[in-house]
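> Residue numbers (the working numbering), protein chains in the order written: chain E, 308 to 714; chain L, 1364 to 1661.
Check each hint, because a few of them may be wrong.
[Unchecked claim] Residues on chain E that point at chain L, a partial pick, calculated with CB under 10 Å:
| # | residue |
| --- | --- |
| 1 | ALA358 |
| 2 | PRO379 |
| 3 | ILE385 |
| 4 | PHE389 |
| 5 | GLN390 |
| 6 | MET398 |
Treat the hints as calculated values from the structure; they're not laboratory data. Note that this is a predicted model, so its numbers are computed, not measured. Where a beta carbon is used, it is the ideal one built from N, C-alpha and C, also for glycine.
These are the residues of each chain, in order.
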Amino acid sequence: MAEIKLERVTKRFAGDTVAVNELDLDIEDGEFMVLVGPSGCGKTTALRMIAGLESVSEGEVRIGDKVVNDVPPKDRDIAMVFQNYALYPHMTVYDNMAFGLKLAKTEKGEIDERVQKAAQVLGLREFLDRKPRALSGGQRQRVAMGRAIVREPQAFLMDEPLSNLDAKLRVQMRSEIGRIQHDLEVTTVYVTHDQVEAMTMGDRVCVMKKGELQQVGTPTELFEKPVSLFVAGFIGSPSMNFFSSKLEESNGGYRLKLADHDIAIGDKTLSERPALKQYAGKEVIVGIRPQDFEDAEIASDAPKDARIKAKMDLVEAIGTETLVHFVVDAPVAMTDDMKELAADAGTDPQTFEERSKEGRNEFVATIDPRSKVKERSEAELVIDTNRFHFFDVETSQGIHGESNNHE
Amino acid sequence: MNKGFKTPAHAIGFYTVVLIFAFLTLFPLLWVLKMSLVSDTELFASPPTFWPESVTLKSLTAGKCPLVGGIKFPCPENFQTVFIDPIFRAGLANTLVIAGITTIICLTIGSMAAYALARIEFFARRPVLSLVLAISFFPAVAIIAPLFLQFQKAGLINTYWAVIIPDVLFALPLTVYLLVAYFRELPEDLEDAAKVDGANIWQAFFRVTVPLSIPGIVTTGLLTFIYAWNEFLFANTLTLDQQAQPATVVIPQFATTYTTDYGAQAAAALVLTLPLVILVLFFQRKIVSGLTAGATKG
Chain E
308 MAEIKLERVT
318 KRFAGDTVAV
328 NELDLDIEDG
338 EFMVLVGPSG
348 CGKTTALRMI
358 AGLESVSEGE
368 VRIGDKVVND
378 VPPKDRDIAM
388 VFQNYALYPH
398 MTVYDNMAFG
408 LKLAKTEKGE
418 IDERVQKAAQ
428 VLGLREFLDR
438 KPRALSGGQR
448 QRVAMGRAIV
458 REPQAFLMDE
468 PLSNLDAKLR
478 VQMRSEIGRI
488 QHDLEVTTVY
498 VTHDQVEAMT
508 MGDRVCVMKK
518 GELQQVGTPT
528 ELFEKPVSLF
538 VAGFIGSPSM
548 NFFSSKLEES
558 NGGYRLKLAD
568 HDIAIGDKTL
578 SERPALKQYA
588 GKEVIVGIRP
598 QDFEDAEIAS
608 DAPKDARIKA
618 KMDLVEAIGT
628 ETLVHFVVDA
638 PVAMTDDMKE
648 LAADAGTDPQ
658 TFEERSKEGR
668 NEFVATIDPR
678 SKVKERSEAE
688 LVIDTNRFHF
698 FDVETSQGIH
708 GESNNHE
Chain L
1364 MNKGFKTPAH
1374 AIGFYTVVLI
1384 FAFLTLFPLL
1394 WVLKMSLVSD
1404 TELFASPPTF
1414 WPESVTLKSL
1424 TAGKCPLVGG
1434 IKFPCPENFQ
1444 TVFIDPIFRA
1454 GLANTLVIAG
1464 ITTIICLTIG
1474 SMAAYALARI
1484 EFFARRPVLS
1494 LVLAISFFPA
1504 VAIIAPLFLQ
1514 FQKAGLINTY
1524 WAVIIPDVLF
1534 ALPLTVYLLV
1544 AYFRELPEDL
1554 EDAAKVDGAN
1564 IWQAFFRVTV
1574 PLSIPGIVTT
1584 GLLTFIYAWN
1594 EFLFANTLTL
1604 DQQAQPATVV
1614 IPQFATTYTT
1624 DYGAQAAAAL
1634 VLTLPLVILV
1644 LFFQRKIVSG
1654 LTAGATKG
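The task is simple: from the sequences and hints, build the whole structure.
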């Protein structure tokens, strides 16, 4: 068991590509840290540097209190679970799990004990004599986990271990990995591009973009107080809705415009974000989480200046909640973060920008499943005006307290 | 019966081409077989006979052929000539030793060199690979004379090494090139997994990479072995007598100043070819693809 520290860690590949740029990260002993970000954000490279499979260009990687920059992977006492499992195809399940222990010249009885125990925990006892090719995807994944567990290493490193499983199995393994990690209390670094995995599994989550650290925090912190537009848009499902608006001050309160609706900002937002005052009269990017909408029929006591009307393009009732998609005539400033998010969502940034300029900003809201809104008909929605998020148009940084003031 | 042919015409066309190809390939071998069986009179008959007509069998006497031991059995005359010839028997043994050692050296050096070239990214990787390939195109005749002088000074003439060294030099580039291709196809994650599991580079190589490359190594080894087995040029120049001469060099010696025993030469050629055919047929079953199935996501 050990803590892992990255200090200004940089990885440069040939041709000056910077995969990871001055990454600072403290992972506490026994912590489950998730690295998340869109593909190409450097999360896997960061993990491979911790494993020692990738050299560190600059900065220091520490495991325990030892700088391991020049320590080969075999001497780092870590175990890794690969995206494609990387099971040794010529060995049985038993030998796959025992391989590391055999290399470490562990005593035979001890090896057998540990392998049997791990097989028990993972439900692999009856498969010990099989070769990996005779196993299903889920079973292979378990063997990969087992291979990591039996080593009793200082840290687990996992590189998108669930991305090859089907949805149902993924949810099941998600909780299983979480449980195992919790029982063993082994420091774990877990890489994923799936923000749901990140939020459900991580004690803390580290969001990365283009090789740079964006924010580290508990899932709640990331969700409630994203430091940047990118984090706000990346974390949460469905993702946050954004639009640009001028922040108007009137009668000591602040208002903003969403399409042709005049919306009053809740008092709580203001007290939580003192820095917002400096943006009076200026344009800001506003974010609303889908969860902060409600059908006006259900939240009928909401004031008039917290309501918007829109035509529902698509209504998806999924039982626990209802997703409604609608278009709002509100442009959004195309910052770098916006473009990155659009790309991650699979939208061409240019298309996204054009759509936004034409005033076709697509919003998603999750509302109460009892709602009676209909597709292709007008509906009134209520916004929780105390839960707005604000971002600087220039820097994409979140507007929070004084410390976030970039002016 | 329908093996994916659209119409019977397709099938007929396919098999016709296959038969023609098989006939063209096998004809020289079959002709040599015929030559080895018939009498001298038939051998020189004009017009030549197509099917062997005068197969002469002689009883191979006990003890004369160590391969057969004490049993007496009928054997075509030419084969008997070949089997009881001590120089040819020594030649076969020499061939086996030379081809075997060449293969072992090539695989040992070649696999390690190939592993390095396949896995280590360094600036000269591509030039080195090109150079390796270029060397295999080098005309052997061009270096024979200097090699003879060098080996003479080193006292290597008429030893196994006189043949093994040039054989290795010429077989190694292909060995390296083929193995680089094989190693590159192996998922690198497997070696990474081994390293994280606590293996040093040798352990990762010998316990993960090599076992998974068996089909590639067998194929490459077989090609090297066949090359060295059939090699004539170096052996003919750099060996002098039965102490080191391989069978390929011995075969033309079934001749006197005035006559050439073509029948015996044909028989000897067949005897020399047969082990290769058996070897290839045997290993064909070992060269199974899909050995890596199950390593990664499937």
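> Okay, which hints does this one fail, numbers in order?
none
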